[in-house]
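Asker: Listed here are the chains, written in short residue letters.
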Amino acid sequence: QKEVEQNSGPLSVPEGAIASLNCTYSDRGSQSFFWYRQYSGKSPELIMSIYSNGDKEDGRFTAQLNKASQYVSLLIRDSQPSDSATYLCAVNIATGGFKTIFGAGTRLFVKA
Amino acid sequence: DTAVSQTPKYLVTQMGNDKSIKCEQNLGHDTMYWYKQDSKKFLKIMFSYNNKELIINETVPNRFSPKSPDKAHLNLHINSLELGDSAVYFCASSPPSGNTIYFGEGSWLTVV
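Keeping their order, the protein sequence lines are chains A and B. Mind the numbering: the first sequence is residues 1304 to 1415 in this note's numbering, read in order. Mind the numbering: the second sequence is residues 357 to 468 in this note's numbering, read in order.
None of these hints come from the bench; they were simulated from the model. One should not assume that every hint holds.
[Unchecked claim] Calculated pairs, DSS-like style, for lysine-lysine (alpha carbon to alpha carbon, straight line, at most 27 Å):
1) K396/B - K1345/A
2) K1345/A - K392/B
3) K365/B - K1345/A
4) K1402/A - K378/B
5) K375/B - K427/B
6) K400/B - K1345/A
7) K1402/A - K396/B
8) K378/B - K423/B
Chain A extracted, bound-state conformation (with noise of 0.2 Å):
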């Protein structure tokens, strides 16, 4: 099983909607999770970590963590064409250090 999972996609949304992307991790000593998003050609770049169970917004993004199920999203309201990029999942996994695993990410395009 991979650590980090998420659907490669694409999403496809209409601008305005409500973009929802999903990963789910497997180390359930896992403590912190992230978000990050690169657009084509780019570097990844940090939008919203979580820490805790429940949502955290910031913006028109809201990140949601559940430990439970071992599962974290990330909601984009009011879609963007220029929120179209990749989105890459984040997990640090205790190992003696930390290591940052990412998902594979999922692309999204939002149509104008």
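Since chain A is already given, all that's left is putting chain B on it; use the hints.
Answerer: For chain B alone, kept in the frame of chain A given last:
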């Protein structure tokens, strides 16, 4: 004043050659990484250094040798390049918590 800078950005080379990628960060972070992103966009950690010491070494061929002369620099040398080494290599750094990873712009390596 780029936070994480790596050179070269593009590299085309023949099989069997040896090449190096240099990386520097001016964020004052103790931890630096090399990640490899293949054609399917899967971002995989290769190495992690903390204050010049190797702390994570994934199952990477011995042809890949990282070197950290000081905590602000982490270089990657690759011997006997193979076609399968073609990928984007990202250098990155993070603060002690590891909760945000700052990526360089990437080095696009093509082996022909």
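Asker: Are K1402/A and K396/B close enough, with their CA atoms no more than 27 Å apart?
Answerer: holds, 21 Å
Asker: Regarding the pair K378/B and K423/B, is the alpha-carbon distance no greater than 27 Å?
Answerer: The given pair, whose Cα atoms are some 10 Å apart, holds under the 27 Å limit.
Asker: Given the hinted pair K365/B and K1345/A, is their alpha-carbon gap at most 27 Å?
Answerer: holds, 11 Å
Asker: Take a quick look at whether K396/B and K1345/A sit within 27 Å of each other, Cα to Cα.
Answerer: Within the cut-off at roughly 15 Å; holds.
Asker: Assess, step by step, whether the Cα of K400/B is no farther than 27 Å from the Cα of K1345/A, and give holds or violated.
Answerer: Satisfied, since the Cα-Cα distance of roughly 16 Å is no more than 27 Å.
Asker: Hey, K375/B versus K427/B, does the alpha-carbon distance stay inside 27 Å?
Answerer: Within the cut-off at roughly 22 Å; holds.
Asker: Given the hinted pair K1345/A and K392/B, is their Cα-Cα distance within 27 Å?
Answerer: Holds: K1345/A and K392/B sit about 14 Å apart, inside 27 Å.
Asker: Tell me if the straight-line CA distance from K1402/A to K378/B falls inside 27 Å.
Answerer: holds, 22 Å
This entry satisfies every hint, going by the numbered hints stated previously.
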